[in-house]
Amino acid sequence: MKRTKIFCFGDSITYGEKDKEQGGWTDRLKRHYLSEHSSQLANEVIVYNLGVASETTDGLVHRFQPELGARLIKGQQSIVILAYGANDIVIRKNKNTVPESFFERNLTQAIRFAKEKSIHTMLCEILPIADSVDGLFDFNKNVRYSSDVIRYNELLKELSEKHCCQLISMKAFYKNKEMLLSDDGA
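Residue numbers are given in numbering that gives the first Met the number 0: position 181 of the sequence shown equals residue 180, and the series is strictly consecutive.
What the hints contain is simulated information worked out from the structure, not anything from laboratory work. Here the structure is a predicted model, which means the values were calculated and not measured. Take these hints with a grain of salt, some might be off.
The calculated lysine-lysine pairs, modelled on DSS-like cross-linking and capped at a C-alpha distance of 30 Å, are [as the list claims (entries may be wrong)]: (1) K140 <-> K17; (2) K19 <-> K170; (3) K174 <-> K161; (4) K161 <-> K73; (5) K161 <-> K94; (6) K174 <-> K156; (7) K94 <-> K174; (8) K140 <-> K92; (9) K17 <-> K94; (10) K29 <-> K4; (11) K116 <-> K4; (12) K17 <-> K4; (13) K4 <-> K156; (14) K94 <-> K170; (15) K29 <-> K114; (16) K29 <-> K19; (17) K29 <-> K1; (18) K19 <-> K116; (19) K17 <-> K156; (20) K116 <-> K174; (21) K140 <-> K170; (22) K161 <-> K116; (23) K170 <-> K156; (24) K1 <-> K114; (25) K17 <-> K174; (26) K17 <-> K92; (27) K140 <-> K94.
Construct all of the structure, not just a fragment, from the sequences and the given hints.
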């Protein structure tokens with residue numbers, strides 16, 4: 000039986016914290032593979048939800064190698080999805096929590112480790128911020144700006160090209176972002 004493991008690293012959006020009905024995008028991905036592939040005994044897909052609420056790429060670099068390494072089986076096809084940025088762009092003391100250069104360094108470190116293990120790596124763009132909360136404090140006293148989302152998404156695009164990673168676009172959310180995003184605008 001062919002087995003593929005998909006490792007989803009990210010923050011509360013990955014974890015599915017505010018999605019009480021569906022469990023977030025990672026659980027939806029699990030259900031999709033179960034419904035699409037459960038009858039095909041030759042292909043088994045295992046999806047790991049490794050999202051941690053409030054995590055930044057600083058947290059990722061501390062746990063990525065041990066958590067991924069513990070779940071790898073030599074010769075098994077694996078995919079890593081890195082979905083970070085919403086917490087990295089939060090403004091603290093008039094600057095982003097994780098500056099662009101550190102964001103790039105952190106993701107590059109994770110990508111390189113995955114590539115060394117022959118793992119297909121995907122980067123996920125940061126979701127847009129609803130206009131109604133752009134630049135305003137949320138219930139956690141965090142401030143995010145759309146301009147930072149755009150800058151960091153451009154950096155994600157550059158990283159995906161530099162390291163030959165697939166980039167997962169969030170452009171579909173821009174048209175109806177006020178309706179599609181949660182009450183904190185993300």
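Do the hints match the structure? See the list:
no., hint, in the structure
1, K140 <-> K17, "holds, 17 Å"
2, K19 <-> K170, "holds, 24 Å"
3, K174 <-> K161, "holds, 29 Å"
4, K161 <-> K73, "holds, 26 Å"
5, K161 <-> K94, "holds, 26 Å"
6, K174 <-> K156, "holds, 20 Å"
7, K94 <-> K174, "holds, 28 Å"
8, K140 <-> K92, "holds, 12 Å"
9, K17 <-> K94, "holds, 26 Å"
10, K29 <-> K4, "holds, 11 Å"
11, K116 <-> K4, "holds, 13 Å"
12, K17 <-> K4, "holds, 25 Å"
13, K4 <-> K156, "holds, 24 Å"
14, K94 <-> K170, "holds, 25 Å"
15, K29 <-> K114, "holds, 23 Å"
16, K29 <-> K19, "holds, 16 Å"
17, K29 <-> K1, "holds, 17 Å"
18, K19 <-> K116, "violated, 34 Å"
19, K17 <-> K156, "holds, 27 Å"
20, K116 <-> K174, "violated, 38 Å"
21, K140 <-> K170, "holds, 26 Å"
22, K161 <-> K116, "holds, 18 Å"
23, K170 <-> K156, "holds, 13 Å"
24, K1 <-> K114, "holds, 21 Å"
25, K17 <-> K174, "holds, 21 Å"
26, K17 <-> K92, "holds, 27 Å"
27, K140 <-> K94, "holds, 15 Å"
Hints 18 and 20 from the list above are not met by this structure, while the remaining hints are.
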